[in-house]
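Enquirer: Here is what each chain is made of, one letter per residue.
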Amino acid sequence: MIVEGGHYALVLALALALIQSTVPLLGARWRDPALMNVARSTALAQLLFVGVSFAALVTLHVTSDFSVLNVYENSHSMKPLIYKITGVWGSHEGSMLLWVSILALFGGLLAAFGNNLPLSLRAHVLAVQAWIASAFYLFILTTSNPFLRIPNPPMEGRDLNPVLQDIGLAVHPPMLYLGYVGFSISFSFAIAALLEGRIDAAWARWVRPWTLLAWIFLTLGIAMGSYWAYYELGWGGWWFWDPVENASLMPWLAGTALLHSALVMEKRNALKVWTILLSILTFSLSLLGTFLVRSGVLTSVHAFATDPTRGVFILLILCVFIGGSLTLFAGRASRLKQGGLFAPISREGALVLNNLFLTTACATVLVGTLYPLVLEVLTGDKISVGAPFFNLTFAPLFVPLMAAVPFGPMLAWKRGDLLAATQRLTAAGIAALSAIALAWAWARGGAALAPLAIGLAVFVIGGAITDIAERTGLFRVPFAIALRRARGLPRSAWGTAFAHAGIGVALIGIVCETTWNSEFIGTMKPRDTVDVAGYSLTLNGVVQRQGPNYREQVASFMVSIDGEPLSTMTPSKRSFTTRGMSTTEAALLSRGFSQLYISLGDSSADGGTVVRIYHKPLVLLIWFGPVLMAFGGMLSLSDRRLRVGVPKAAKALRGLQAAE
Amino acid sequence: MRRLLASLCLLAAIGLSAAHAVLPDEMMADPAKEARARNLSHELRCMVCQNQSIDDSEAPLARDLRLLVRERIAAGDSDSQVIDFLVARYGEFVLLKPRFERQTLLLWLVPPLLLFGGGAVLWMHTRRRAKGASDASSLSAEEEAKLAALMSADGPAEKS
Numbered sequence: 001m002i003v004e005g006g007h008y009a010l011v012l013a014l015a016l017a018l019i020q021s022t023v024p025l026l027g028a029r030w031r032d033p034a035l036m037n038v039a040r041s042t043a044l045a046q047l048l049f050v051g052v053s054f055a056a057l058v059t060l061h062v063t064s065d066f067s068v069l070n071v072y073e074n075s076h077s078m079k080p081l082i083y084k085i086t087g088v089w090g091s092h093e094g095s096m097l098l099w100v101s102i103l104a105l106f107g108g109l110l111a112a113f114g115n116n117l118p119l120s121l122r123a124h125v126l127a128v129q130a131w132i133a134s135a136f137y138l139f140i141l142t143t144s145n146p147f148l149r150i151p152n153p154p155m156e157g158r159d160l161n162p163v164l165q166d167i168g169l170a171v172h173p174p175m176l177y178l179g180y181v182g183f184s185i186s187f188s189f190a191i192a193a194l195l196e197g198r199i200d201a202a203w204a205r206w207v208r209p210w211t212l213l214a215w216i217f218l219t220l221g222i223a224m225g226s227y228w229a230y231y232e233l234g235w236g237g238w239w240f241w242d243p244v245e246n247a248s249l250m251p252w253l254a255g256t257a258l259l260h261s262a263l264v265m266e267k268r269n270a271l272k273v274w275t276i277l278l279s280i281l282t283f284s285l286s287l288l289g290t291f292l293v294r295s296g297v298l299t300s301v302h303a304f305a306t307d308p309t310r311g312v313f314i315l316l317i318l319c320v321f322i323g324g325s326l327t328l329f330a331g332r333a334s335r336l337k338q339g340g341l342f343a344p345i346s347r348e349g350a351l352v353l354n355n356l357f358l359t360t361a362c363a364t365v366l367v368g369t370l371y372p373l374v375l376e377v378l379t380g381d382k383i384s385v386g387a388p389f390f391n392l393t394f395a396p397l398f399v400p401l402m403a404a405v406p407f408g409p410m411l412a413w414k415r416g417d418l419l420a421a422t423q424r425l426t427a428a429g430i431a432a433l434s435a436i437a438l439a440w441a442w443a444r445g446g447a448a449l450a451p452l453a454i455g456l457a458v459f460v461i462g463g464a465i466t467d468i469a470e471r472t473g474l475f476r477v478p479f480a481i482a483l484r485r486a487r488g489l490p491r492s493a494w495g496t497a498f499a500h501a502g503i504g505v506a507l508i509g510i511v512c513e514t515t516w517n518s519e520f521i522g523t524m525k526p527r528d529t530v531d532v533a534g535y536s537l538t539l540n541g542v543v544q545r546q547g548p549n550y551r552e553q554v555a556s557f558m559v560s561i562d563g564e565p566l567s568t569m570t571p572s573k574r575s576f577t578t579r580g581m582s583t584t585e586a587a588l589l590s591r592g593f594s595q596l597y598i599s600l601g602d603s604s605a606d607g608g609t610v611v612r613i614y615h616k617p618l619v620l621l622i623w624f625g626p627v628l629m630a631f632g633g634m635l636s637l638s639d640r641r642l643r644v645g646v647p648k649a650a651k652a653l654r655g656l657q658a659a660e
Numbered sequence: 661m662r663r664l665l666a667s668l669c670l671l672a673a674i675g676l677s678a679a680h681a682v683l684p685d686e687m688m689a690d691p692a693k694e695a696r697a698r699n700l701s702h703e704l705r706c707m708v709c710q711n712q713s714i715d716d717s718e719a720p721l722a723r724d725l726r727l728l729v730r731e732r733i734a735a736g737d738s739d740s741q742v743i744d745f746l747v748a749r750y751g752e753f754v755l756l757k758p759r760f761e762r763q764t765l766l767l768w769l770v771p772p773l774l775l776f777g778g779g780a781v782l783w784m785h786t787r788r789r790a791k792g793a794s795d796a797s798s799l800s801a802e803e804e805a806k807l808a809a810l811m812s813a814d815g816p817a818e819k820s
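Quick mapping for you: the protein sequence lines, in order, are chains R and W.
So that you can map any letter, position 48 of the first sequence is 48 in our numbering, and since no number is skipped, the others follow by simple counting.
Counting from 1 along the second sequence, just add 660 to a position and that's the residue number in our numbering.
Treat the hints loosely; a few may be bogus.
The following label-pair restraints were derived from C-beta to C-beta distances [said to hold, decoys possible]:
#1 L683/W x A333/R: 23 to 31 Å
#2 T22/R x F776/W: 58 to 66 Å
#3 G751/W x T22/R: 19 to 27 Å
#4 H702/W x M78/R: 38 to 46 Å
#5 G779/W x L326/R: 44 to 52 Å
#6 A689/W x N517/R: 45 to 53 Å
#7 W783/W x A333/R: 17 to 25 Å
#8 M78/R x G751/W: 31 to 39 Å
#9 F776/W x A333/R: 21 to 29 Å
Below, computed lysine-lysine pairings styled on DSSO-like, alpha-carbon distance capped at 30 Å [unchecked claim]:
#10 K806/W x K337/R
#11 K337/R x K267/R
#12 K791/W x K337/R
Think of the hints as simulated: they come from the structure by calculation, not from any bench.
All C-beta atoms in this analysis are idealised placements derived from N, C-alpha and C, irrespective of residue type, glycine included.
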């Protein structure tokens with residue numbers, strides 16, 4: 001009953017999406033407010049029905065209804081409740097349902113809170129959203145239906161892939177999807193602007209919060225995925241330049257560029273055509289990511305999504321949406337009028353530079369990810385493009401970009417003074433040089449590039465602090481006044497500072513972890529002791545334990561420093577009987593931002609166990625950086641300016657901006 | 661979801677347990693040579709895995725390759741000789757960083773071309789717009805006269 005209900009709700013959602021994708025457009029053409037308002041109610045109703053459908057699937061998983069194929073293949077009655085719920089999006093079908101649920105959620109939010117949008121713009125935007133939704137409902141219903149029944153229900157399920165039975169994976173996919181799918185809003189806005197042939201600064205003001213929201217989720221989602229890989233895959237790597245990772249990085253890079261270009265458009269009414277193009281590209285890359293992962297085109301070893309019918313269907317969706325939107329863009333873009341002029345050295349100029357580097361970086365990832373695929377299709381030759389390629393090409397693009405980051409906020413709109421900006425950044429520059437000297441002295445020579453990279457990171461952080469100090473007049477006016485000014489600063493200014501500092505923080509983590517990482521790989525027997533980076537670790541013993549749906553082998557290590565006992569670490573190896581797979585559960589001990597990392601290997605016949613122990617200095621900064629960036633995004637999102645949709649308020653605020 | 665898939669691939673490739681790559685018994689006695697072997701291992705692909713270097717992978721093939729790399733190093737090969745040896749045996753597919761060749765021309769050239777090409781386009785665009793703007797601001801003598809006439813005519817007209 002629940003199964004059929006969920007299925008039927010999904011069909012109804014498709015019907016609603018079809019209405020939503022046509023009727024409001026007719027309404028806009030005939031200037032009929034009633035017809036245009038249909039978009040609002042259908043979007044909300046769609047959210048309701050997809051919600052019902054999703055809730056149905058969750059219920060089926062929780063109650064372990066193995067008469068449903070999807071539940072049978074991905075669940076087990078003994079699985080802990082939390083993983084029964086998160087297992088819903090552990091499978092292809094479930095994750096696609098989550099995808100459309102989030103799409104409907106964004107549509108619903110837009111319908112509910114988009115009251116300050118012009119009626120015809122809202123009608124257009126929601127109609128475009130419904131096109132996307134219809135395509136994906138059709139995809140789910142025809143090729144990936146999660147509500148299929150099994151004629152003879154088995155007694156027990158096949159369990160979820162054990163690596164996915166982890167809290168990191170519980171939260172990671174929804175976050176990532178919120179980001180991916182969130183970019184559909186800016187896409188829909190872009191298409192609506194092209195359809196209407198009208199775009200202005202107010203448009204950017206409406207688009208920016210949605211883009212920002214999506215970007216925050218994507219940032220957190222990527223960071224969380226990276227941390228999960230770090231502790232779950234068992235060798236302490238946190239970024240592998242894997243095609244599936246690249247698939248999420250590309251929209252992030254394009255989305256970051258979009259955030260910055262939308263800013264220029266909002267403030268100065270310039271870069272309109274480019275902003276529209278970026279909106280289209282960002283979501284296209286999200287779709288491409290979905291295609292790459294869901295179609296199984298990357299390799300055949302994927303545990304799921306290898307059915308070619310799915311791949312062809314998604315490829316079709318991809319071609320229609322990307323091709324269609326770019327064609328529309330090519331035809332209509334020239335109608336959009338160019339806005340404000342600016343000198344090359346100006347805030348706008350800096351933001352254009354940012355866009356140039358970010359889009360090039362994005363293109364590099366895109367080419368690197370697709371090149372082996374395309375080459376194999378065209379010539380039959382097989383090559384690999386992996387981490388060493390990306391590290392080599394990505395770094396030269398990011399270094400100048402990061403060096404330019406502190407200058408951007410220091411430059412005035414329209415025409416900036418580079419010399420004055422440099423003078424204001426003197427303190428940050430000095431801090432950076434001291435950091436280089438310190439790092440170099442501390443490492444006693446060693447890697448030459450690492451101290452320079454740390455200097456760069458400190459420069460970025462110093463630049464962010466300088467920006468706030470300059471705006472508040474810190475050190476120039478009495479502290480109380482500076483404090484009052486700090487409170488009065490627009491939240492978006494704080495947001496910028498936090499986000500920019502976040503990149504610097506992440507860079508410090510990346511550099512320290514890759515350069516000064518120490519490791520021990522060896523076989524240990526009980527009561528053996530090894531020294532790693534000043535810590536001594538003693539293996540107390542190895543015991544067997546029984547978990548809810550697995551057996552595990554737990555080793556216990558005594559960690560001490562200078563003879564003082566510090567803590568006990570218990571890495572383990574779990575074997576899951578249903579799937580006959582095992583996972584390593586690394587033990588982590590955080591000391592400040594650094595971590596001690598132990599993972600277990602196989603046991604040998606003579607009672608020894610292969611052990612990997614790593615000391616990763618400042619590794620946590622790698623993820624603390626993105627958290628800071630997301631926090632900056634949230635601050636910016638809470639800025640009053642973004643909540644006020646009425647153009648009048650914008651004028652008043654623009655007056656304030658000029659006084660800065 | 662992306663990581664999820666990554667892991668699936670890894671697991672599918674590895675088959676047994678989640679990654680444990682270099683094993684103690686494989687390591688070379690000389691730390692300098694071992695470090696070279698590790699560095700080389702990062703650049704070489706485990707060919708039965710999805711995007712994993714032989715240093716990260718636990719597949720039997722990766723182990724064979726690791727041992728092979730160490731064997732060559734022990735035999736006195738330089739880093740590039742080891743790479744050449746492996747490419748001759750397993751093809752370009754074994755390299756995680758493709759060499760700069762006719763086939764991979766586009767791969768290597770896209771980033772610089774895009775950056776410099778994009779920069780050039782922007783530069784020209786700015787110059788053109790700046791020129792257009794300065795052209796627009798300078799009026800012809802005829803326009804100046806017209807403007808002056810309008811201004812003098814406009815003032816009193818507006819007051820009335």
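Enquirer: What hint numbers does the structure not satisfy?
Expert: Result: hints 1, 2, 3, 5, 6 and 8 break, sorted rising.
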